[in-house]
Every structure is written in C-alpha cells, then in structure tokens.
Amino acid sequence: MNGWSALDRFLRTDPRDVGCDQAMEMLHVYAELVASGEAADERYPGIAVHLHACGPCGEDFEGLLAALRGEAH
Amino acid sequence: MFAQVADQTGGVIGDERREWCHKALTTLRALPVAELGSIVTVPRNDTVPEAAGSGSQLDAESARWLRELAEPGAAREAALARLHELLLPIARREVARRGPRLAITGPELDDLAYQAAADALLAITGKVGQFRGESRFTTWAYKFVIFEVSAKIGRHFWRHPAVPLGAEQWERLPARFGFDPAQQAEWGDLFAALRRAVDTELTPRQREIFVAIVLNDVPLDTLVIHLGSGRNAIYKMLFDARRKLRAALAANGYLPDDFPRGS
Numbered sequence: 001m002n003g004w005s006a007l008d009r010f011l012r013t014d015p016r017d018v019g020c021d022q023a024m025e026m027l028h029v030y031a032e033l034v035a036s037g038e039a040a041d042e043r044y045p046g047i048a049v050h051l052h053a054c055g056p057c058g059e060d061f062e063g064l065l066a067a068l069r070g071e072a073h
Numbered sequence: 074m075f076a077q078v079a080d081q082t083g084g085v086i087g088d089e090r091r092e093w094c095h096k097a098l099t100t101l102r103a104l105p106v107a108e109l110g111s112i113v114t115v116p117r118n119d120t121v122p123e124a125a126g127s128g129s130q131l132d133a134e135s136a137r138w139l140r141e142l143a144e145p146g147a148a149r150e151a152a153l154a155r156l157h158e159l160l161l162p163i164a165r166r167e168v169a170r171r172g173p174r175l176a177i178t179g180p181e182l183d184d185l186a187y188q189a190a191a192d193a194l195l196a197i198t199g200k201v202g203q204f205r206g207e208s209r210f211t212t213w214a215y216k217f218v219i220f221e222v223s224a225k226i227g228r229h230f231w232r233h234p235a236v237p238l239g240a241e242q243w244e245r246l247p248a249r250f251g252f253d254p255a256q257q258a259e260w261g262d263l264f265a266a267l268r269r270a271v272d273t274e275l276t277p278r279q280r281e282i283f284v285a286i287v288l289n290d291v292p293l294d295t296l297v298i299h300l301g302s303g304r305n306a307i308y309k310m311l312f313d314a315r316r317k318l319r320a321a322l323a324a325n326g327y328l329p330d331d332f333p334r335g336s
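Protein chains in written order, with my numbering: chain A, 1 to 73; chain B, 74 to 336.
None of these hints come from the bench; they were simulated from the model.
Keep in mind that this is a model prediction, so the values were computed, not measured.
Any given hint might turn out to be false.
To be verified - With a straight-line Cα cutoff of 16 Å, these simulated EDC-like cross-link-like pairs (lysine to aspartate or glutamate) come out:
1. K309(B) x D14(A)
2. K309(B) x D330(B)
3. K317(B) x E281(B)
4. K309(B) x E62(A)
5. K317(B) x D331(B)
6. K317(B) x D8(A)
7. K317(B) x D272(B)
8. K200(B) x D14(A)
9. K309(B) x D331(B)
10. K317(B) x D253(B)
11. K317(B) x E25(A)
Stated by the list, open to error - Covered, in the sense of this in silico footprint (three residues per stretch, anywhere, with C-beta under 8 Å from a C-beta of chain A), are these stretches of chain B:
12. 142-155
13. 196-209
Beta carbons are placed, not taken as given, at the ideal position from N, Cα and C, and that holds for glycine.
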C-alpha cells in the first residue's frame with residue numbers, strides 16, 4: 001500500500017461505524033464469536049467497521065481475542 | 074467508590090502491589106451482597122438460570138460464578154480469590170503482548186499487570202448485575218482486564234509524554250502514511266492542501282485532536298485523560314475531522330471523489 005492509498009484509507013469514514021461505546025459494550029460477544037470461528041463481521045458489521053477504524057478499540061479486541069485463544073491452549 | 078479506589082492505583086509500584094491487591098480484596102469483602110445487583114436472584118441449585126433481559130441461556134460455569142459471587146462470607150471470598158487468580162495471567166499476557174511497543178519494561182510492566190487485575194476485579198464486582206449472559210462470564214470478565222490495561226497505559230503516557238501534547242510535528246506526517254521523502258515533488262502539494270484544510274475546515278477542538286493523534290502520535294486513551302473526555306467522544310470528533318478533510322481533498326482533486334458532482 002502506497003502513501004496515497006494509506007492516507008485515503010485513514011480519512012475515509014464508514015457510516016456503519018457504531019463508535020467506541022457500542023463496540024466496547026459488545027466486545028465480549030463479538031470476540032467470543034470470532035474465537036469460535038463464526039462470521040462475527042456479518043452479524044455485527046458496524047462493530048467490525050469500528051474495530052478496523054479505531055486503533056484503541058481494535059487493540060482491545062486483539063487483546064481479548066488473544067486472552068480467549070490463550071485460554072484455549 | 075470503585076472509581077476512587079481505582080484512582081489510587083496510579084502511583085503504586087514494586088512490593089506495594091501486593092498490599093494494593095490485599096486492599097482491593099478487603100474492599101470487596103466489605104461490600105454488602107445487595108450491592109452486587111441482580112445476581113442475588115440467581116438460584117442456589119444446579120439449574121441454569123436465564124440471563125436477565127437477554128433471553129440467552131447461561132452456561133453452567135457462568136451460572137456458578139454468579140451464584141458464588143452472590144454468596145455471603147467465605148464462599149464469596151473464595152470466589153473473589155479464584156477470579157483474581159484467573160484475571161492476573163490475562164493481565165500479564167496482555168501487558169506482555171503490548172510491551173514491545175511500549176516504553177515500559179521489567180518490574181513496571183508487572184506492576185501494571187497487578188494493578189490492572191486488581192482494578193478489573195473491582196469493576197467486575199461493581200457491574201456484575203449488568204452481565205446479561207450473552208457470552209461466558211469469564212469472557213465478559215476478561216474484557217475489564219483489557220480495558221484496565223488500556224487505561225493504565227494511557228495514564229502512563231500522559232505522565233511521560235514522548236512529545237509535548239501541544240507540539241505540531243507536521244514534518245513527520247508524510248512518513249506516517251508511508252510517503253517516500255525522495256518523491257516529495259509528487260506529494261508536497263497534497264500535504265500543503267491537507268494542512269490548509271486542517272486549519273480552515275476543522276473546529277478548534279477537532280484540530281486539537283487531529284494534531285495530537287495524527288501528527289504527534291499521542292495515544293487516544295492518553296488524550297481521554299488529558300482532555301477529561303471519553304474515548305467515544307474523541308473518536309467521534311476525529312471521525313468528523315477525517316470526513317471533512319477527505320471531502321476537502323477530494324473537492325480539490327487530491328483524492329478520488331466518492332460522490333462525483335452531477336451524478
């Protein structure tokens with residue numbers, strides 16, 4: 001990805017984005033679906049969009065997912 | 074009460090962490106069971122209760138957690154201790170996962186994990202009445218550990234900022250998006266237009282947030298503390314700023330126009 005597309009991707013917003021509060025409210029549900037291999041992004045597209053766009057919430061999601069996957073091993 | 078207790082964790086270091094954990098557990102023991110909210114309605118037998126308001130069935134392990142946390146006396150203390158034993162490795166794993174990207178190492182990182190686990194335990198017991206059974210109880214509980222780790226890292230960077238929060242590092246912006254300095258002739262106008270748009274299209278607060286997060290790489294959670302705001306409010310302001318800036322750049326032909334005029 002070159003600089004132009006990186007800047008374009010950063011500035012591009014998606015109206016489906018639910019924001020931090022809603023995404024964090026449902027984070028445990030979303031992460032559990034992902035950990036079990038279900039299509040969480042199809043069930044909760046607004047959360048998927050947000051976790052992709054918001055660095056801190058995306059980091060929290062990765063952390064919770066890592067906790068669930070670590071627990072399973 | 075929980076917030077006051079949690080705020081006291083900021084300066085805890087070294088051996089004091091065990092004292093902090095002890096204090097946290099003592100605080101929890103002192104709470105009347107009634108403060109645990111609706112979990113006191115969980116039946117004390119082996120039936121699996123339905124989660125309040127969600128229509129979903131609790132799994133047996135989650136039901137047991139709710140039942141034991143609602144018990145008075147020693148049974149509840151044992152459940153709290155057992156929950157803390159589950160949360161601490163999650164906190165340690167999370168700070169270790171984020172550690173390579175942080176300027177925090179060694180004992181300070183371990184202290185951060187101890188504090189996060191202890192504060193998560195306080196948050197969980199304060200909010201357990203809000204658990205709706207949409208996931209396993211432990212997944213819901215782990216979420217609070219992750220949140221506490223995020224908050225404590227944000228607080229750390231607020232105390233030890235890599236750059237002054239009011240600085241404006243415009244010269245570093247192209248590199249952040251991967252533009253090649255050798256090809257400045259190609260992108261120089263783009264960044265001049267972006268800077269103009271930041272100055273003319275954004276509100277003062279949107280500009281402040283854009284500069285801090287995008288130019289100076291200040292973590293959003295640090296900005297939450299600095300501005301006394303919430304993550305959602307700051308994200309929304311940055312979201313609106315991004316939309317305005319992209320529209321301005323597209324209108325001047327620097328980026329593709331999603332909605333061509335006349336269509």
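Hints, one by one, checked against the model:
{"no.": "1", "hint": "K309(B) x D14(A)", "verdict": "holds (12 Å)"}
{"no.": "2", "hint": "K309(B) x D330(B)", "verdict": "violated (22 Å)"}
{"no.": "3", "hint": "K317(B) x E281(B)", "verdict": "holds (15 Å)"}
{"no.": "4", "hint": "K309(B) x E62(A)", "verdict": "violated (21 Å)"}
{"no.": "5", "hint": "K317(B) x D331(B)", "verdict": "holds (13 Å)"}
{"no.": "6", "hint": "K317(B) x D8(A)", "verdict": "holds (12 Å)"}
{"no.": "7", "hint": "K317(B) x D272(B)", "verdict": "holds (12 Å)"}
{"no.": "8", "hint": "K200(B) x D14(A)", "verdict": "violated (32 Å)"}
{"no.": "9", "hint": "K309(B) x D331(B)", "verdict": "violated (21 Å)"}
{"no.": "10", "hint": "K317(B) x D253(B)", "verdict": "violated (25 Å)"}
{"no.": "11", "hint": "K317(B) x E25(A)", "verdict": "violated (28 Å)"}
{"no.": "12", "hint": "142-155", "verdict": "violated (count 0)"}
{"no.": "13", "hint": "196-209", "verdict": "holds (count 3)"}
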